[in-house]
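Protein sequence lines correspond, in order, to chains A and B. For the first sequence, the numbering used here puts the final residue at 113, and the numbers step up evenly by one. For the second sequence, the numbering used here puts the final residue at 114, and the numbers step up evenly by one.
What the hints contain is simulated information worked out from the structure, not anything from laboratory work. All C-beta atoms in this analysis are idealised placements derived from N, C-alpha and C, irrespective of residue type, glycine included. Among the hints, a few may not be true.
Claimed, not checked - BS3-like mimics (lysine-lysine), calculated; alpha carbons at most 30 angstroms apart, straight line:
| no. | chain 1 | residue 1 | chain 2 | residue 2 |
| --- | --- | --- | --- | --- |
| 1 | A | 70 | A | 9 |
| 2 | A | 57 | A | 9 |
| 3 | A | 9 | A | 71 |
| 4 | B | 52 | A | 57 |
| 5 | A | 83 | A | 14 |
| 6 | A | 57 | B | 68 |
Said to hold, decoys possible - Quick partial rundown of chain A residues pointing at chain B, CB under 10 angstroms, derived from the structure:
| no. | residue |
| --- | --- |
| 7 | 28 |
| 8 | 40 |
| 9 | 56 |
| 10 | 99 |
| 11 | 102 |
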Amino acid sequence: DGGITQSPKYLFRKEGQNVTLSCEQNLNHDAMYWYRQDPGQGLRLIYYSQIVNDFQKGDIAEGYSVSREKKESFPLTVTSAQKNPTAFYLCASSIWDPDSPLHFGNGTRLTVT
Amino acid sequence: GDSVTQMEGPVTLSEEAFLTINCTYTATGYPSLFWYVQYPGEGLQLLLKATKADDKGSNKGFEATYRKETTSFHLEKGSVQVSDSAVYFCALWARDTGRRALTFGSGTRLQVQP
Numbered sequence: 001d002g003g004i005t006q007s008p009k010y011l012f013r014k015e016g017q018n019v020t021l022s023c024e025q026n027l028n029h030d031a032m033y034w035y036r037q038d039p040g041q042g043l044r045l046i047y048y049s050q051i052v053n054d055f056q057k058g059d060i061a062e063g064y065s066v067s068r069e070k071k072e073s074f075p076l077t078v079t080s081a082q083k084n085p086t087a088f089y090l091c092a093s094s095i096w097d098p099d100s101p102l103h104f105g106n107g108t109r110l111t112v113t
Numbered sequence: 001g002d003s004v005t006q007m008e009g010p011v012t013l014s015e016e017a018f019l020t021i022n023c024t025y026t027a028t029g030y031p032s033l034f035w036y037v038q039y040p041g042e043g044l045q046l047l048l049k050a051t052k053a054d055d056k057g058s059n060k061g062f063e064a065t066y067r068k069e070t071t072s073f074h075l076e077k078g079s080v081q082v083s084d085s086a087v088y089f090c091a092l093w094a095r096d097t098g099r100r101a102l103t104f105g106s107g108t109r110l111q112v113q114p
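Start from the sequences, fold in the hints, and give me the full structure.
Take a look at the structure:
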């Protein structure tokens, strides 16, 4: 079955440590996205990528970094510079542009203490 | 910048009641509009969309009409079921800005009681 896999489902880190969230898709989609979900704030765009080796900042990119070395993979690193990293992170992909349906993973809940 | 405003939840209804979830937007040009749904413990999935003014999107008994004059895209269903309990997100894509990603609203939680 095709889909998006985010791992792990739950992640715990100490403050000051960088952490990388995994996102893999086997849908052959060109575009991939990272959103952050906080209660009462909906989804906010962190980064997105339309093609391999290219990505664009979203609305809240500070303290995050990404790479897109392979079409299937779009990992997100939460750095120690991110002031409030505890959140639910959602990865998505689409064929090309956002008019085509976004396919979402089931998310990773990151807790930083 | 582009933005989406949704009514605050939770919205609590009895089974078979009529549902309306309000959504208004601010955007450059003529955006595409979407409703996504998130069931407990899952990611979001597309419910319906409309890409131009006066278009009506529909799916699973849900409908929404793109109203350019009121910049709205309200979600409606004539008779809700317990299985419709979820969080509903309104979203837009403002293609004229060059940004190739969706802007989401804050989400509205729907709770349907038997």
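Do the hints match the structure? See the list:
no., hint, verdict
1, 70/A <-> 9/A, "holds (22 angstroms)"
2, 57/A <-> 9/A, "holds (24 angstroms)"
3, 9/A <-> 71/A, "holds (22 angstroms)"
4, 52/B <-> 57/A, "holds (27 angstroms)"
5, 83/A <-> 14/A, "holds (13 angstroms)"
6, 57/A <-> 68/B, "holds (29 angstroms)"
7, 28, "violated (18 angstroms)"
8, 40, "holds (6 angstroms)"
9, 56, "holds (8 angstroms)"
10, 99, "holds (5 angstroms)"
11, 102, "holds (7 angstroms)"
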